[in-house]
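Peer 1: One-letter residues, chain by chain:
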Amino acid sequence: MLTFAEEILLLFLDDDTGKFENMYYEEFKYALAGAVLMDLALRSKIDTDLEKLTIVDSSPTGEEILDAFLSMISESDEDKNPFYWVSEIAKSGAEIRDKALESLVSRGILRVEEKKILWVIDVRRYPTVDDTQEKEVRRRITELLNSDDIPSPHDVVLVSLADTFDLFPHIIGEYETKKLAPRIDQISRLDLIGQSVSHVLKRLREIKADAYVLHPY
Amino acid sequence: MNIEQTKIGETRVISPQGSLDAQTEKEFQESVIGNIDGGEKSILLDFSKVSYASSAGLRAILIIAKKQKESGGKLGICGLHDSVADIFTVSGFDTIVDVYSDVSAGLQGLG
Chain A
1 MLTFAEEILL LFLDDDTGKF ENMYYEEFKY ALAGAVLMDL ALRSKIDTDL
51 EKLTIVDSSP TGEEILDAFL SMISESDEDK NPFYWVSEIA KSGAEIRDKA
101 LESLVSRGIL RVEEKKILWV IDVRRYPTVD DTQEKEVRRR ITELLNSDDI
151 PSPHDVVLVS LADTFDLFPH IIGEYETKKL APRIDQISRL DLIGQSVSHV
201 LKRLREIKAD AYVLHPY
Chain B
1001 MNIEQTKIGE TRVISPQGSL DAQTEKEFQE SVIGNIDGGE KSILLDFSKV
1051 SYASSAGLRA ILIIAKKQKE SGGKLGICGL HDSVADIFTV SGFDTIVDVY
1101 SDVSAGLQGL G
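Sequence order for the protein chains is A and B. Going by our numbering, 191 is the number at position 191 of the first sequence; the sequence numbering is gapless. Going by our numbering, 1058 is the number at position 58 of the second sequence; the sequence numbering is gapless.
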């Protein structure tokens, strides 16, 4: 079973070029942080409400990347809110991304392609080898959005992450994204951690907008 | 978690007590799913004695709501305390489960 970080990476990745779609790392790292927390929540390791995130079970999950952050949260002296942990874990966004890519390569879903641009700059891309999992995720999400079915907790997380990071135009197209906006919003809101990720990102975008107003050039 | 159950007319009324969180959600979920598997087509969750619900508790309600809808049955929830009602509203759970003020209103709504 893929982790949410792995699933969201597959959705961000352009299958043909092996490059990430619209990827702006400053924001993308929050998607990965949210994915880690959502994985821990669905594995009954942490619990959250509107104000705090608590440890339920600190025993390892067996997934290296999840266990590193589970330990970090367990070792905290006091309960912090989900916003704090999204921001804190996002500092390790590059590490989460690299571990998730490594795992997808070792599972035979992606392959690594090293290239040089202008004969000097090393560029690493990840073309898709086996797109079964990604197609299945896209099919499931498209079906869910076009129905009034009640989503599974797993699909709530994926829709929430995809919505927060504006991935739906890439998954279902611009027209469908606009048409299905109310349904996307309904499902996204069902996850409290997803809401925290969305709040952190909104704040980040506000700070950037303020900075631009003060220093436009 | 103490969970009381009673049948009023065609509706199974399930009344959990205490906090619905990661410690108690499994027991609650299993209890309600057991009723769905047993063929109960109308279920009312009486939350008048539930003082707290976390995201794990909400996930249990989501799984129950999904299961009951797939089985062709009806599900309602009633008696939400303010703190639980807040989390329900913020997360939009009131758009997937019918919310009633009390058991009497719930029975009428589901009936």
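I should point out that these hints are in silico values taken from the structure, not numbers from a laboratory. Among the hints, erroneous ones may be present.
Said to hold, decoys possible - Sample of chain B residues at the chain A side, in silico, Cβ under 7 Å: (1) T1006; (2) K1007; (3) A1022; (4) A1065.
Unchecked claim - Simulated coverage check for chain B against chain A, where a stretch passes if three residues somewhere in it have a Cβ under 8 Å from a Cβ of chain A: (5) 1041-1051; (6) 1098-1111.
Even glycine gets a Cβ: it sits at the ideal position worked out from N, Cα and C.
Peer 1: State for each hint whether it applies.
Peer 2: Evaluated hints:
1. T1006: violated, 26 Å
2. K1007: Violated: closest Cβ of chain A sits about 24 Å from K1007 (chain B), beyond 7 Å.
3. A1022: holds, 4 Å
4. A1065: With Cβ-Cβ at 5 Å, under 7 Å, it holds.
5. 1041-1051: violated (count 0)
6. 1098-1111: It is violated, with 0 qualifying residues against the three required.
The structure fails to meet hints 1, 2, 5, 6 from the earlier list, while all remaining hints are met.
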